[in-house]
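Heads up: the sequence lines are chains A and B, in that order.
According to our numbering, the residues represented by the first sequence are 1 to 489, in order.
According to our numbering, the residues represented by the second sequence are 490 to 979, in order.
Hints are supplied without guarantee of correctness; some may be wrong.
Straight-line distance between alpha carbons at most 25 angstroms, and here's what the computed DSS-like set of lysine-lysine pairs gives [claimed, not checked]:
1. A:K109 x B:K930
2. B:K930 x A:K155
3. A:K155 x A:K359
4. B:K647 x B:K598
5. A:K109 x A:K447
6. B:K647 x B:K518
By construction, these hints were calculated from the structure, which means they are not laboratory data.
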Amino acid sequence: MSGASWLQAALAIPYLGALLIIAVLSRHPNLRESASLLTSGALFASVLMVLLAFLRGEPIEARLIELFPGLSIAFHTEPLSILFALLASGLWIVTSVYSIGYMRGLNEKHQTRFYVCFAISLGAAMGIAFAANLLTLFIFYEVLTLATYPLVAHKENEEARMGARVYLMILITTSFVFLLPAIVWTYALAGTLDFRLGGILPRDLDPLITVLLLALFVLGAAKAAVMPVHRWLPAAMVAPTPVSALLHAVAVVKAGVFAIVKVVLYVFGTEMLGQVPAERMLVYLAGFTIVAASLVALRQSNIKRMLAYSTVGQLSYVVLATLVLTSFSEIGAALHIIAHAFGKITLFFTAGAIYVASKKTELSQLRGIGRRMPITMTAFAIGALSMIGVPPTAGFVSKWYIIAGAFQLDDYFVLTVLALSTGLNAAYFLPVIFRAFFREEDQPPAKPHGEAPWPMVAALSTTALLTLLFFFYNGPVVELESGLVGKSR
Amino acid sequence: MIAHNLVALPVVLPLLAAAVAVLLPPGRKPWLLATGIAWLVFAASLALALRALGGEVLSYPMGGWEPPWGIEYRLDAANALLMVLIGAVAAAVFPFAGPSVKRELGEEKSPLFYAALLLFLAGQLGIAVTGDAFNVFVFLEISSLASYTLVASGKDRKALTAAFSYLIIGTVGATFYLIGIGLLYALTGTLNMADLAARIPEVAETRAAHTAFAFIVVGLCMKIALFPLHLWLPNAYTYAPSAVTALLAASSTKVAVYLLIRFVYGIFGADFSYREMPLAWLLIPLAVVGLLSTSLVAIGQNKVKRMLAYSSVAQIGYMVLGIGMASSLGLAAALLHVFNHALMKGALFMALGALVYRVGTSRLHQWRGIGRRMPWTMAAFVAAGLSLIGVPLTVGFVSKWYLVLAAIELGFWPIVAVIVIGSLLAVIYIGRVIEVAWFEKGESDERCEAPLSLLIPTWVLVIANFWFGIDTRLTVGLAELAAQSLGGTP
Numbered sequence: 001m002s003g004a005s006w007l008q009a010a011l012a013i014p015y016l017g018a019l020l021i022i023a024v025l026s027r028h029p030n031l032r033e034s035a036s037l038l039t040s041g042a043l044f045a046s047v048l049m050v051l052l053a054f055l056r057g058e059p060i061e062a063r064l065i066e067l068f069p070g071l072s073i074a075f076h077t078e079p080l081s082i083l084f085a086l087l088a089s090g091l092w093i094v095t096s097v098y099s100i101g102y103m104r105g106l107n108e109k110h111q112t113r114f115y116v117c118f119a120i121s122l123g124a125a126m127g128i129a130f131a132a133n134l135l136t137l138f139i140f141y142e143v144l145t146l147a148t149y150p151l152v153a154h155k156e157n158e159e160a161r162m163g164a165r166v167y168l169m170i171l172i173t174t175s176f177v178f179l180l181p182a183i184v185w186t187y188a189l190a191g192t193l194d195f196r197l198g199g200i201l202p203r204d205l206d207p208l209i210t211v212l213l214l215a216l217f218v219l220g221a222a223k224a225a226v227m228p229v230h231r232w233l234p235a236a237m238v239a240p241t242p243v244s245a246l247l248h249a250v251a252v253v254k255a256g257v258f259a260i261v262k263v264v265l266y267v268f269g270t271e272m273l274g275q276v277p278a279e280r281m282l283v284y285l286a287g288f289t290i291v292a293a294s295l296v297a298l299r300q301s302n303i304k305r306m307l308a309y310s311t312v313g314q315l316s317y318v319v320l321a322t323l324v325l326t327s328f329s330e331i332g333a334a335l336h337i338i339a340h341a342f343g344k345i346t347l348f349f350t351a352g353a354i355y356v357a358s359k360k361t362e363l364s365q366l367r368g369i370g371r372r373m374p375i376t377m378t379a380f381a382i383g384a385l386s387m388i389g390v391p392p393t394a395g396f397v398s399k400w401y402i403i404a405g406a407f408q409l410d411d412y413f414v415l416t417v418l419a420l421s422t423g424l425n426a427a428y429f430l431p432v433i434f435r436a437f438f439r440e441e442d443q444p445p446a447k448p449h450g451e452a453p454w455p456m457v458a459a460l461s462t463t464a465l466l467t468l469l470f471f472f473y474n475g476p477v478v479e480l481e482s483g484l485v486g487k488s489r
Numbered sequence: 490m491i492a493h494n495l496v497a498l499p500v501v502l503p504l505l506a507a508a509v510a511v512l513l514p515p516g517r518k519p520w521l522l523a524t525g526i527a528w529l530v531f532a533a534s535l536a537l538a539l540r541a542l543g544g545e546v547l548s549y550p551m552g553g554w555e556p557p558w559g560i561e562y563r564l565d566a567a568n569a570l571l572m573v574l575i576g577a578v579a580a581a582v583f584p585f586a587g588p589s590v591k592r593e594l595g596e597e598k599s600p601l602f603y604a605a606l607l608l609f610l611a612g613q614l615g616i617a618v619t620g621d622a623f624n625v626f627v628f629l630e631i632s633s634l635a636s637y638t639l640v641a642s643g644k645d646r647k648a649l650t651a652a653f654s655y656l657i658i659g660t661v662g663a664t665f666y667l668i669g670i671g672l673l674y675a676l677t678g679t680l681n682m683a684d685l686a687a688r689i690p691e692v693a694e695t696r697a698a699h700t701a702f703a704f705i706v707v708g709l710c711m712k713i714a715l716f717p718l719h720l721w722l723p724n725a726y727t728y729a730p731s732a733v734t735a736l737l738a739a740s741s742t743k744v745a746v747y748l749l750i751r752f753v754y755g756i757f758g759a760d761f762s763y764r765e766m767p768l769a770w771l772l773i774p775l776a777v778v779g780l781l782s783t784s785l786v787a788i789g790q791n792k793v794k795r796m797l798a799y800s801s802v803a804q805i806g807y808m809v810l811g812i813g814m815a816s817s818l819g820l821a822a823a824l825l826h827v828f829n830h831a832l833m834k835g836a837l838f839m840a841l842g843a844l845v846y847r848v849g850t851s852r853l854h855q856w857r858g859i860g861r862r863m864p865w866t867m868a869a870f871v872a873a874g875l876s877l878i879g880v881p882l883t884v885g886f887v888s889k890w891y892l893v894l895a896a897i898e899l900g901f902w903p904i905v906a907v908i909v910i911g912s913l914l915a916v917i918y919i920g921r922v923i924e925v926a927w928f929e930k931g932e933s934d935e936r937c938e939a940p941l942s943l944l945i946p947t948w949v950l951v952i953a954n955f956w957f958g959i960d961t962r963l964t965v966g967l968a969e970l971a972a973q974s975l976g977g978t979p
């Protein structure tokens, strides 16, 4: 099979998986879960084949249908899209294993709906990853919003409905009010929406319009959770933990930052934005988000909410790095998409494992839990260190590149933000680790417990190992992502 | 012979069939006849649209009397689009009407009911196809009288007052239109639309022409239910039988919008309407206020049917916005939305009819957990709702794309904001229903899906929402062609 047909396969497999789960297997839990695993495996395999074809230098494109005259639903591959697709599909396998333990451990209801929506969300993520133009990206971006809504409302109580309402309203509002007009405006200005390295907008565009358009894109891609459009992310924490782990730490939020990186590199072009001084305003906004989100995270008492605010801050690392516009910072942005994904999914997995094993959700309840759940809490520590950016974890690698990028311009604002954020991250993660391992339990739990069910432990160990592994073995990824800047600078 | 008379066929067939339907015994037969006719009409209109898509303009002298003396039926891209729309909606709603009306009204009066339905169809198609301004009035009255009857046939006694206020406002509108036509006839001595268009520039600066324009526009706006002339609509839609509401919502106001476009652009010409007369200053503010205020009112409704009725008024705002922009792209967007909105509202009201068939009411608080009891019906409602919101891959997105593009092209930024805010309000009122139906617990979990005879027509329209949201060649092609031929810019 050629690269293009593998690409088509990768786009279709999640939906086929969803159909499979609905049609045949909704009455048989075992088969349903195997179908979910099988789908994720097949998806990862086909994305790998796309990668191989891409490395061979094959042009890989797919065209679905012409939606409007001159505007098609079309797909292509470039370094960033493969990275995002590999990340989402690979971690889906791990999450599928984890979900089995979680959903059974808690005896959750409506599991078929859960697995189906999950598969559709991944399908949407693939569509976003491989989109060849802004229209295609927008279409799948909306599909992702809608497919994740039932997952957020999953528990069907008033709290879940409220959270889902906030989630939907913010994501839909921003995408209709900011993103869609930005896209239509781009079309009116450039006459095309295709992604081209170096940008498609006319070079002589008024700087004011340029920065306005960029602001519309950055706020419109609210999945990137740049303040002030970040509130949906903490609201989404009412969802079951596998959803928070894969979707709200990887697929959904990364779709947002992915869209921003893509727009900066392929719609504006770094060269063009470099000539617009006002672009700095958005750098400041991202910097503010990083610091403010960390401060808010410091004050949280719920584990998942703390992690959510940590995500808000970490996502803005990517946005910030992208907007610094130097070659190293762009690579750093791409690397941070991976590094944060590995670390944060580990953290969410551990939060879910703690909940299933002990029903604990608050940070204050974690005293001494490291002795009951040593593997889980070790994984938590690794994830936390990666958030802070300490070697030997993935977070260090990406931070290294972002700092190097900032030095290319002697950008002291960015350097200060990074230093501050590192300190704040340490301030809210380290006490948790300390409490878990070195403090005594207040009182022994009513029902003594050990680790969570094995599928969950296996999943969180895998992602923790990946977090470590990425520190030692990141050469191929760096090389692949150099393609993002190789031609433009 | 059929090929030669094809233009007249869609009007003549239902008109004759209406007379036959009255003579049939009560029961299923009138329904079967009406359904068969609707399908024939749909086939004929599709055949006509394909010819119009090729850029052909078909002219047919009624009874062999040559225009401008005789009545001319004239088919170009604009009314071809409208005919396909009316035909398609009728072909989907008529089969649906059988079981739905039987449940809601019983079968004793079915010959009269279906005769009225067929007359309504004939009137709508007649307005679409005729090239004669007075003939429009005749068909307008045929379809309006039929629809007053249909609304009055609703089971609730409030249907009678609803039909009465509809009758009053509708008649005032039709009379205004007639006065306008009378003035034009006195000025130009002709009633043929093409002929009128040629002669109006000579008399453009007379006060009589201005008065005629004002009467016609206001008269048609009453039929359109443009805010603030919409007060008849919510009650009429709420108390009419479900199938009738689907039909009215999908085609009745759309035909009036088409007429407005025809008069503003085709007959008076954009130059007269927007330079000589300040039409944009009338249409755009009313559309904006109407769109926002009725969307807000829709959010506050407890009855889903009433909520959708208010949403219809809001959606008309989009079409009028497109007309008021006075650009070729805006006009194309308006025409597209005429077609697309018919598909979404048709599907929504039919899904609603199917839900009412089982639940017996459209009060929202009695729909708790209905998503689990009637998954297919509710899924149709959700899918059509997404189209109303304007989610990509649905027809709603296509309309919105063109509207926003047209507004940006003209630099009308506040209008862009209004368009997107309108769809956000739609998210709220559709979202409310979804939340109650899927994410709240009902009293029972027992399955009670609507019968297939209701589900199939509903899903056909739902699929059409996605089909024309993905393959836009027919709709966008016809709309752009029509906008060009009508001449969008003043």
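Comparing the hints with the structure gives:
For the given pair, K109 of chain A sits about 13 angstroms from K930 of chain B by alpha-carbon distance, which is consistent with the 25 angstroms threshold. Restraint check: the Cα-Cα separation between K930 of chain B and K155 of chain A comes to about 12 angstroms, which is no more than 25 angstroms; the hinted pair holds. In summary, the hint linking K155 of chain A to K359 of chain A is supported, as the alpha carbons are separated by about 16 angstroms, within the 25 angstroms threshold. Taking the CA atoms of K647 of chain B and K598 of chain B, the gap is near 19 angstroms; set against the 25 angstroms cutoff, the hint holds.
Pair hint K109 of chain A plus K447 of chain A holds up; C-alpha atoms about 24 angstroms apart against a cutoff of 25 angstroms. With a C-alpha separation of about 29 angstroms, the suggested pairing of K647 of chain B with K518 of chain B is violated against the 25 angstroms cut-off.
The structure fails to meet hint 6 from the earlier list, while all remaining hints are met.
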